[in-house]
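Using the sequences provided together with the hints, build the complete structure.
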Amino acid sequence: MAVAVSKDQVLEVLKEVTDPEIGVNVVDLGLVYNVDVHDDGTIDVEMTLTAPGCPLHDTISRTAEMAVETLDGVKEARVNIVWNPPWTPDMLTDEGRRLLGF
Numbered sequence: 000m001a002v003a004v005s006k007d008q009v010l011e012v013l014k015e016v017t018d019p020e021i022g023v024n025v026v027d028l029g030l031v032y033n034v035d036v037h038d039d040g041t042i043d044v045e046m047t048l049t050a051p052g053c054p055l056h057d058t059i060s061r062t063a064e065m066a067v068e069t070l071d072g073v074k075e076a077r078v079n080i081v082w083n084p085p086w087t088p089d090m091l092t093d094e095g096r097r098l099l100g101f
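In numbering that gives the first Met the number 0, the protein residues as written are 0 to 101.
Errors might be hidden in some of the hints.
Between beta-carbon pairs, the in silico distance windows are [claimed, not checked]: (1) P19 / W82: 18 to 26 angstroms; (2) T58 / P85: 16 to 24 angstroms; (3) M65 / D7: 25 to 33 angstroms; (4) D43 / D71: 15 to 23 angstroms; (5) D57 / A3: 24 to 32 angstroms.
Just so you know, these hints were derived from the structure itself, not from any lab.
Ideal Cβ positions, reconstructed from N, Cα and C, are used throughout, including at glycine.
Have a look at this one:
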C-alpha cells in the first residue's frame, strides 16, 4: 500500500528549492502553478520560471523533482515547466514579498 502524500507536503518540500539567481524558494516566488498527487505514487508539478531564457531551467526543475522524491511514498516526481500564464511579481506570496523586501 502506498503512503498517501498530500499537496501541502509537496509544497512544503518545494520550499527547499530556491531560484539561485534570486535566492527565494520556488513556492514563495509563485512559480508553482499546480501539483497533482496520483494514487500510484507519482507527482506531477506544473511550474514556471521568472524568465523564459533562464539558464538554470534544467537545474531548477531537476532539483524540484529530487526534493519531491524525498517524500515517503513518492515513486517519481515529474516537473513540467510552462510559460502560460507568464510569471509576474504579482504572483509572489506574502513571504516572498517579505524576503525580497517588498
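Consistency of the hints with the structure:
Checked against the hint of 18 to 26 angstroms, the pair P19 and W82 passes, with Cβ atoms roughly 20 angstroms apart. Look at T58 against P85: about 21 angstroms separates their beta carbons, and that is inside 16 to 24 angstroms. For the hinted restraint 25 to 33 angstroms between M65 and D7, the CB-CB distance of approximately 19 angstroms leaves it violated. As the Cβ distance of D43 to D71 is approximately 18 angstroms, the hint placing it in 15 to 23 angstroms holds.
Here the CB-CB span from D57 to A3 is close to 30 angstroms, well matched to the stated 24 to 32 angstroms.
Violated hint: 3 only; the structure is consistent with all others.
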